[in-house]
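**Student:** Listed below are the residues making up each chain.
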Amino acid sequence: MNIPRALFSFHGGIHVHGHKEISTQLPVDVAPIPPRLVLPLQQHIGLPAEPLVAIGDKVLKGQPLAKPKGYISASLHAPTSGQVVDVSPLPVPHPSGLGAPCIVLESDGQDTWYPHQGLADWASADPNLLRTLIRDAGIVGLGGAGFPSSVKLQPGPSRPIRTLILNGAECEPYITSDDLLMRRQAAEIIEGMSIMARILQPTECLIGIEDNKPEAYQALREAAQGHPIEVVQVPTRYPMGGEKQLIKVLTGREVPSGGLPSQVGVVCHNVATAHAVYRAVVHGEPLISRLLTLTGGAVAQPRNVEVRLGTPVSFLLQHYQVSVNRIERLIMGGPMMGFALSHDQVPVVKTSNCLLCAVAGEVPANQDPQACIRCGACTTVCPTNLLPQQMYWHARARDFDKVQQYNLFDCIECGCCAEVCPSRIPLVQYYRFAKSEVAARERDKQRADLARRRNEARVARFDREKAEKAAKLAQAKAAAASAPPGADKKAAIDAAVARAAAKKATAPVTPKNTEDLTPAQQAQIAEADSRRAADQPGDPR
Amino acid sequence: MEFHATTSPHLHAPTSVTRVMGEVLLALIPALVGIVWVFGWGAIVNIVIAVPAALAAEAAMLAARGRPIRTTLMDLSAVLTAVLLAISIPPLSPWWLTVTGVVFAMVFVKHLYGGLGYNPFNPAMAGYVLLLVSFPREMTQWLPPEGLVHGSLGLGDALNLIFGGQTPQGLGVDALSQATPLDTVRQQVTLLHHTIQDAKTTTPVFGLAGGKGWEIVSALYLLGGIWMVRRNTIGWQIPVGVLVSLLVLAGLFNLYDPSRYASPLFHLFSGATMLEAFFIATDPVTASTTPWGRIGFGIGVGSLIYLIRTFGGYPDAGAFAVLIMNMMAPTLDHYTQPRVYGHP
Chain A
1 MNIPRALFSF
11 HGGIHVHGHK
21 EISTQLPVDV
31 APIPPRLVLP
41 LQQHIGLPAE
51 PLVAIGDKVL
61 KGQPLAKPKG
71 YISASLHAPT
81 SGQVVDVSPL
91 PVPHPSGLGA
101 PCIVLESDGQ
111 DTWYPHQGLA
121 DWASADPNLL
131 RTLIRDAGIV
141 GLGGAGFPSS
151 VKLQPGPSRP
161 IRTLILNGAE
171 CEPYITSDDL
181 LMRRQAAEII
191 EGMSIMARIL
201 QPTECLIGIE
211 DNKPEAYQAL
221 REAAQGHPIE
231 VVQVPTRYPM
241 GGEKQLIKVL
251 TGREVPSGGL
261 PSQVGVVCHN
271 VATAHAVYRA
281 VVHGEPLISR
291 LLTLTGGAVA
301 QPRNVEVRLG
311 TPVSFLLQHY
321 QVSVNRIERL
331 IMGGPMMGFA
341 LSHDQVPVVK
351 TSNCLLCAVA
361 GEVPANQDPQ
371 ACIRCGACTT
381 VCPTNLLPQQ
391 MYWHARARDF
401 DKVQQYNLFD
411 CIECGCCAEV
421 CPSRIPLVQY
431 YRFAKSEVAA
441 RERDKQRADL
451 ARRRNEARVA
461 RFDREKAEKA
471 AKLAQAKAAA
481 ASAPPGADKK
491 AAIDAAVARA
501 AAKKATAPVT
511 PKNTEDLTPA
521 QQAQIAEADS
531 RRAADQPGDP
541 R
Chain B
542 MEFHATTSPH
552 LHAPTSVTRV
562 MGEVLLALIP
572 ALVGIVWVFG
582 WGAIVNIVIA
592 VPAALAAEAA
602 MLAARGRPIR
612 TTLMDLSAVL
622 TAVLLAISIP
632 PLSPWWLTVT
642 GVVFAMVFVK
652 HLYGGLGYNP
662 FNPAMAGYVL
672 LLVSFPREMT
682 QWLPPEGLVH
692 GSLGLGDALN
702 LIFGGQTPQG
712 LGVDALSQAT
722 PLDTVRQQVT
732 LLHHTIQDAK
742 TTTPVFGLAG
752 GKGWEIVSAL
762 YLLGGIWMVR
772 RNTIGWQIPV
782 GVLVSLLVLA
792 GLFNLYDPSR
802 YASPLFHLFS
812 GATMLEAFFI
822 ATDPVTASTT
832 PWGRIGFGIG
842 VGSLIYLIRT
852 FGGYPDAGAF
862 AVLIMNMMAP
872 TLDHYTQPRV
882 YGHP
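Keeping their order, the protein sequence lines are chains A and B.
Just so we're aligned, residue 1 is where the first sequence starts under the numbering used here, counting upward by one.
Just so we're aligned, residue 542 is where the second sequence starts under the numbering used here, counting upward by one.
Derived by calculation from the structure, the hints in this document are not laboratory data.
This one's a predicted model, so the numbers in the text were calculated from it and none came from an experiment.
The C-beta atom is built at its ideal place from N, Cα and C for all residues, glycine as well.
Certain hints may be false.
[What the hints assert, rightly or not] Far from chain A, by Cβ distances over 10 Å, these chain B residues were calculated: (1) Leu653; (2) Tyr659; (3) Thr830; (4) Ser844.
[To be verified] Examples of chain B residues toward chain A, derived with CB under 8 Å: (5) Asn795; (6) Leu796; (7) Pro799.
[What the hints assert, rightly or not] Listed next, the stretches of chain B that the computed footprint assigns to chain A, with coverage defined by at least 3 CB atoms under 8 Å from CB atoms of chain A: (8) 551–558; (9) 873–882.
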């Protein structure tokens with residue numbers, strides 16, 4: 001019965017200090033409702049949602065605020081009841097630091113629910129209905145990527161799913177939100193996974209958890225009793241929680257480069273996503289809150305917090321008495337892949353799993369990078385088995401073709417290479433730069449291609465017109481040649497010349513289409529005529 | 542409230558170039574003690590001459606190139622080059638020989654190619670080869686392992702010889718020097734067609750496994766090297782490639798004719814084999830960088846060492862082997878790219 005599953009391995013990876021114990025000591029706290037909530041229309045991969053409300057509208061908790069635009073998109077719901085006070089671009093948690101359209105909701109403090117209803121008998125429900133419920137609940141991948149979950153649950157008939165995986169690895173240091181969720185809501189996660197399994201009909205269901213979370217493992221094992229779900233402990237090694245890495249370790253299969261897990265019969269969801277699926281299907285509740293780890297040296301009582309989406313970071317920092325002045329770096333997400341916020345006036349979004357308030361000493365001090373000594377430490381740790389150092393040299397030299405030859409786009413930006421680099425070169429930044437440059441070049445190329453195609457069409461049109469003219473001319477010539485030469489023709493020409501001469505004598509210029517001209521147009525014509533006359537003083541006309 | 546925003550990752554392992562170079566220097570200490578014990582204080586005097594010369598040459602080049610001087614000198618790479626060259630040349634080499642080699646390594650081999658990380662050739666070995674071809678007499682005056690017999694040469698004598706060319710008693714280096722074990726094999730066996738067994742009985746240079754005295758120093762290099770591999774300061778691929786290829790080639794030839802070809806153990810524990818395998822061929826800048834490329838690089842160095850020692854014009858060949866393989870490194874890297882995740 002208890003035969004441990006044979007696991008596979010991925011190349012490289014690093015062992016980093018977890019710092020997880022500091023935020024698992026206290027129970028989960030439910031954060032209060034902030035007076036103002038800021039809800040970006042884009043909290044997911046795909047197109048931004050389309051607003052369904054306008055300024056001044058009163059909304060209830062759970063009421064849809066925006067609907068998905070296109071297939072890869074996600075809807076958005078009111079995290080509490082209140083009034084829409086603004087729909088405009090505001091700062092959002094994004095590495096670019098740019099603003100994006102947001103719906104701003106002023107809470108009325110009532111927290112009154114919008115009418116909603118769960119589906120208790122999901123086990124006999126149509127998979128399409130379940131998928132629609134998940135889509136309508138605005139659920140996206142809660143592990144950090146934010147890909148719309150319903151899309152992943154529809155791999156298409158050509159791609160049968162053999163393995164459904166729940167990712168509970170949570171390999172990033174400091175983050176414990178999935179850990180706490182698994183400890184507390186194991187049964188809900190199992191039910192959420194069962195709903196996903198109802199949709200996908202896989203032959204096996206696996207949950208992967210790093211072996212540094214024994215409580216979570218135990219809780220899920222107990223909750224999975226009697227379900228066709230296997231809970232598997234995987235070694236603690238960053239980035240075990242990378243989708244491709246976890247799939248490799250659990251199944252031995254590799255997601256093809258540039259492809260999707262479904263191509264190898266796998267669908268992988270985060271455990272928190274499974275929990276959100278459970279809430280959406282069984283209770284009819286859309287995704288309006290999430291667990292967030294509030295941790296770091298500047299936090300007096302690091303813990304996990306259930307936060308409503310749209311809660312401003314500044315509100316959280318204030319409520320949990322974070323010593324803001326001691327924060328050296330404010331990181332949304334984990335220290336390996338999260339991004340530093342330049343200010344706290346941004347909201348918590350669907351993908352915000354952690355808020356790391358790092359003090360000096362917790363994050364490396366700024367240091368100028370030194371020259372690459374080609375030591376190859378980066379190559380040793382790369383979980384994708386790339387050659388980070390070669391990619392760095394070519395990115396630095398702006399030789400983007402070469403960087404792509406070294407499989408730049410297989411880089412998952414996990415940060416292992418930069419973590420171990422003795423020269424402290426910000427390697428990941430070079431790869432992001434190269435990726436964006438390649439993308440920009442690709443766009444330019446597409447534009448140039450479009451312009452070229454248009455020009456080709458234009459030239460072709462000219463050629464066609466020319467050919468048509470030539471053909472007409474040839475036809476006319478042929479007609480003239482076939483007519484019998486004789487006095488008839490000569491007489492006709494003479495008559496025409498005489499007619500023209502007579503006409504010219506009586507009316508030297510007969511402009512056409514000059515009826516119904518406005519005075520302004522007449523003035524313009526007069527001006528043009530005088531200009532023409534002035535331009536050609538020697539014209540005998 | 543504004544915060545400092547930098548890009549991920551926001552963690553860094555406690556490592557630096559200084560630390561990497563420092564660990565290599567630390568790993569050299571046991572062998573240095575052995576060298577002093579076996580060959581006297583000469584090597585230490587060489588180091589004391591070489592390190593300031595290297596730092597001065599590097600500082601001058603950095604100043605000329607408009608690069609930060611202090612932080613670069615602190616990376617210890619110049620110190621390491623100087624120490625490696627200082628222990629590669631004979632212990633009682635005249636001071637100007639050491640300075641010439643080190644300055645050439647720093648100026649021509651390192652900085653004219655762009656400084657640390659950009660030099661295609663191993664600076665210490667290029668410096669060594671310059672000295673070997675320019676000053677063949679000085680470069681072959683190795684000492685007998687006197688320390689094992691009479692107690693090593695005193696510091697005062699070493700200083701007199703290095704700076705004045707002779708001891709107060711009027712003894713020159715040539716009077717003190719003795720052919721190295723590898724040179725002995727070359728002279729006796731390759732040139733005079735004696736058998737190895739004859740050479741062993743007629744000359745005093747052979748020890749238990751390798752050359753007398755040399756085998757102790759070699760074992761201490763091996764010790765430091767294993768420590769570095771265990772600490773991941775260097776990868777295992779290059780040393781293993783060097784030693785295994787040398788072992789296999791020497792073993793095959795030795796099996797074929799033990800009277801003409803020295804035993805594999807003699808090759809491993811004589812000359813600079815261990816120094817080359819763990820400390821010189823592993824210079825990351827000039828070696829191959831892919832895992833398989835490094836194995837190939839090591840095999841190339843080991844094979845060339847054996848071929849040049851046995852059939853070439855020099856008794857030891859580590860420097861030539863490393864420089865030749867430096868030329869091969871980019872090609873090796875190109876053809877040994879690992880299979881990337883998700884690729885066939």
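**Student:** A separate judgement is required for each hint: does it hold in the structure or not?
**Tutor:** Results of checking the hints against the structure:
1. Chain A leaves B:Leu653 outside its interface by the beta-carbon criterion, the shortest separation being 15 Å against a cut-off of 10 Å.
2. A Cβ of chain A approaches the Cβ of B:Tyr659 within 10 Å, the least distance being about 7 Å, so the stated non-interface status is violated.
3. For B:Thr830, the requirement that its beta carbon stay farther than 10 Å from each beta carbon of chain A is not met, with the minimum near 5 Å.
4. With a cut of 10 Å on Cβ distances, B:Ser844 stays outside the contact zone with chain A, its closest approach being about 22 Å.
5. At a threshold of 8 Å, the smallest CB-CB gap from B:Asn795 to chain A is about 34 Å, leaving the interface hint violated.
6. Because the closest C-beta pair between B:Leu796 and chain A is about 36 Å apart, greater than 8 Å, the hint is violated.
7. For the restraint placing B:Pro799 at the interface with chain A, the shortest Cβ-Cβ distance is roughly 39 Å, beyond the 8 Å limit, so the hint is violated.
8. Remark: the stretch 551–558 of chain B is confirmed as covered by chain A, as 7 of its residues place a Cβ nearer than 8 Å to a Cβ of that chain, reaching the required three.
9. Coverage of a stretch by a chain is defined here by at least three residues with a beta carbon nearer than 8 Å to that chain's beta carbons; for the stretch 873–882 of chain B and chain A the count is 6, and the condition holds.
The structure shown violates the earlier hints numbered 2, 3, 5, 6 and 7.
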